[in-house]
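Colleague: Here's the letter readout for the chains.
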Amino acid sequence: MTAHPFSAADSASTSGRAVTPSFWSRLWTRDAPGYLFLLPWFIGFFGLTLGPMLTSLYLSFTDFDLLTSPNWVGMDNYTRIFTADPKFAASMRVTFFFVIFSVPLKLAFALAVALLLNRGMRGLPLYRAVFYLPSLLGASVAIAVLWRQLFAGDGVVNDFLAIFGIEGPSWISNPRYSLWTLIVLSVWQFGSPMIIFLAGLRQIPQDMYEAASLDGASKARMFWKITLPLLTPVVFFNAVIQTIDAFKSFTPAFIISGGTGNPINSTLFYTLYLYQEAFGFFRMGYASALAWVLLAIVAAFTGFSFLTSKYWVHYDE
Amino acid sequence: MTTSVVLQKVVKAYGDIEVVHGIDLTIDPGEFVVFVGPSGCGKSTLLRMIAGLEPITGGDLVIDGERMNDVPPAKRGIAMVFQSYALYPHMSVYKNLAFGLETAGLKKAEIEPRVQRAAEILQIVPLLGRKPRALSGGQRQRVAIGRAIVREPRLFLFDEPLSNLDAELRVQMRVEIAKLHNDLGNTMVYVTHDQVEAMTMADKIVVLNSGNIEQVGTPLDLYNNPRNQFVAGFIGSPKMNFLTAQLKSVDSKSALVHTGGHDLGLNRAVAAKAGDTLTFGVRPEHITLNEGSGLKLGDMRVDLVEQLGGATLLYTTLPDGQSLAISLEGQRSVALGSEVTAYVDPDRCHLFDGTGAAA
Numbered sequence: 001m002t003a004h005p006f007s008a009a010d011s012a013s014t015s016g017r018a019v020t021p022s023f024w025s026r027l028w029t030r031d032a033p034g035y036l037f038l039l040p041w042f043i044g045f046f047g048l049t050l051g052p053m054l055t056s057l058y059l060s061f062t063d064f065d066l067l068t069s070p071n072w073v074g075m076d077n078y079t080r081i082f083t084a085d086p087k088f089a090a091s092m093r094v095t096f097f098f099v100i101f102s103v104p105l106k107l108a109f110a111l112a113v114a115l116l117l118n119r120g121m122r123g124l125p126l127y128r129a130v131f132y133l134p135s136l137l138g139a140s141v142a143i144a145v146l147w148r149q150l151f152a153g154d155g156v157v158n159d160f161l162a163i164f165g166i167e168g169p170s171w172i173s174n175p176r177y178s179l180w181t182l183i184v185l186s187v188w189q190f191g192s193p194m195i196i197f198l199a200g201l202r203q204i205p206q207d208m209y210e211a212a213s214l215d216g217a218s219k220a221r222m223f224w225k226i227t228l229p230l231l232t233p234v235v236f237f238n239a240v241i242q243t244i245d246a247f248k249s250f251t252p253a254f255i256i257s258g259g260t261g262n263p264i265n266s267t268l269f270y271t272l273y274l275y276q277e278a279f280g281f282f283r284m285g286y287a288s289a290l291a292w293v294l295l296a297i298v299a300a301f302t303g304f305s306f307l308t309s310k311y312w313v314h315y316d317e
Numbered sequence: 001m002t003t004s005v006v007l008q009k010v011v012k013a014y015g016d017i018e019v020v021h022g023i024d025l026t027i028d029p030g031e032f033v034v035f036v037g038p039s040g041c042g043k044s045t046l047l048r049m050i051a052g053l054e055p056i057t058g059g060d061l062v063i064d065g066e067r068m069n070d071v072p073p074a075k076r077g078i079a080m081v082f083q084s085y086a087l088y089p090h091m092s093v094y095k096n097l098a099f100g101l102e103t104a105g106l107k108k109a110e111i112e113p114r115v116q117r118a119a120e121i122l123q124i125v126p127l128l129g130r131k132p133r134a135l136s137g138g139q140r141q142r143v144a145i146g147r148a149i150v151r152e153p154r155l156f157l158f159d160e161p162l163s164n165l166d167a168e169l170r171v172q173m174r175v176e177i178a179k180l181h182n183d184l185g186n187t188m189v190y191v192t193h194d195q196v197e198a199m200t201m202a203d204k205i206v207v208l209n210s211g212n213i214e215q216v217g218t219p220l221d222l223y224n225n226p227r228n229q230f231v232a233g234f235i236g237s238p239k240m241n242f243l244t245a246q247l248k249s250v251d252s253k254s255a256l257v258h259t260g261g262h263d264l265g266l267n268r269a270v271a272a273k274a275g276d277t278l279t280f281g282v283r284p285e286h287i288t289l290n291e292g293s294g295l296k297l298g299d300m301r302v303d304l305v306e307q308l309g310g311a312t313l314l315y316t317t318l319p320d321g322q323s324l325a326i327s328l329e330g331q332r333s334v335a336l337g338s339e340v341t342a343y344v345d346p347d348r349c350h351l352f353d354g355t356g357a358a359a
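Residue numbers (the numbering used here), protein chains in the order written: chain A, 1 to 317; chain B, 1 to 359.
Calculated directly from the structure, the hints in this document are not laboratory data. Be aware that a few hints might be false.
Claimed, not checked - Quick list of the computed label-pair ranges, beta carbon to beta carbon:
1. B/301 x A/199: 56 to 64 Å
2. B/89 x A/124: 21 to 29 Å
3. A/218 x B/58: 43 to 51 Å
4. A/295 x B/72: 17 to 25 Å
5. A/100 x B/21: 25 to 33 Å
6. B/16 x A/188: 38 to 46 Å
7. A/40 x B/16: 14 to 22 Å
Said to hold, decoys possible - Calculated lysine-lysine pairs in the DSS-like style (CA-CA distance at most 25 Å, straight line):
8. A/219 x B/75
9. A/219 x B/107
10. B/108 x A/219
11. A/310 x B/75
12. B/95 x A/219
13. B/131 x A/310
Beta carbons are placed, not taken as given, at the ideal position from N, Cα and C, and that holds for glycine.
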């Protein structure tokens, strides 16, 4: 395959005039194998990502309901979202509450465990795998079901509290606690950011700590003055990824609330509400508009994070 | 500043593997001592043990009469300059210099003049507001040294501080560190694998090899009177020539050595007996091509000529196949492949026995 272009160049140099193969012949002879290897990705990107995204953007301006042809309604769906949909506001409140508490808690927990594991202990690979396991399992239906059993009124958590004479509430059916149960479930899946923190911690040169120890810095001072500032690129990365993830969180709320977002909409995540609109009420056009609003919110959050990063993220070079 | 450091039978082991084997060394107050040796000889480990960054497995470290083995690094009154500079990349130069003082709880009013003074000594005042990434290698090294100065330690430790600099900057910084030592007068311990750095900077050189001290002495002492073949080969550039030699006869005042196809009479006793195989050592700069300026070492073929400007280096081969480097003063015109006859001053020749010890 590769012989063609070289032979063309050779003939050009011997004959003394440039022979430029046509675009199509170059595409076929030289570039075709490359594109062939790219084909699975192209199919995935155009067929499963870009295509559905553009379709959903179009549908967000229609009243599509799966059964009849979509009719163009202009900005009606978006107007309704922001002016006449109390559930939108409720789901926003729940989602923002979830994001604001689950992301920092998860990152703090992940960093704490990473700091413990970074002390060169024996069996580190095993601990790393064990701590990472919840991240692999955490978003699955099975774990959500298990979580429901653990935190139910007659679940294991309350059985444990009963040993100390404490009568626990039904954590998932009490609106005061239900969202916190989901936040705890999210924090429990700290493995992924923990692994990234651990990699970041390994990148901090040991002699910085040695220089600080010669200066008499305590462990706490080293953490606040050296570790944390030098880890800010990793903190930033984890924060952005986990924030996006938290906005998209769906399965645990769906399973634990039985797809309702109850009690009293206390677990009505934005994605759950979107799902209800799409597959409960078949308001595909409206659900598409909700999806684009979510995309805009996540993009705004991410953009804001990048804008502020120059004030608190320290890059070495 | 009159800080002395004494190492008594200092041992370092990692598990069952001993890497430093009972070092005894005294560093006198105000001395500039250089630990030199090849990679893995234990010089940095020794320095880190003095700093408190590595626990001492056995023996004692005494600074100014006080045993320091269990004293934390910060309480030893030392400052260390690292090979990698170890500057905090998120802090300005000023903050880097002030970090240790802030950690010690000093007030701003006390920190400011000390930082300013160190910056003036090292001529980095205009850089105080910059971050380390905006500095050149040499500037970073100055900041690293400044961070040590600002703490006003009794003992400075340098761990290969010039390794990351280019050749020109190394020479410049070498001079500056030597000047700094003259100005401050502190005791300084400096680690390097570069024997030129050791020779030019040290009051006293400690040559280390495989976790042992091979020899301690002034640069010229090591150069003129190496205790063994390792020191003889390590100190001096280009390195000393070593030729196989036979001791033909020896008495209390002289010895006759056969090497390079010729007999050489030396006016000194040799600690070996006639018939022993020895190693004959002579430095390239102690060989001449001038007849009558020494004893004839032999005829040899010139394989390579290097013109250094101030000197001409000849790489030659003796008839028995042994190699010999000759350093001639000035710019000499010698044809490749030509035959030359080399002469040596017998007083500047060295002999080493089968164990490598000076004979």
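Colleague: Hint by hint, which ones does the structure fall short of?
Modeller: Violated hints: 3, 4, 5, 7 and 11; rest satisfied.
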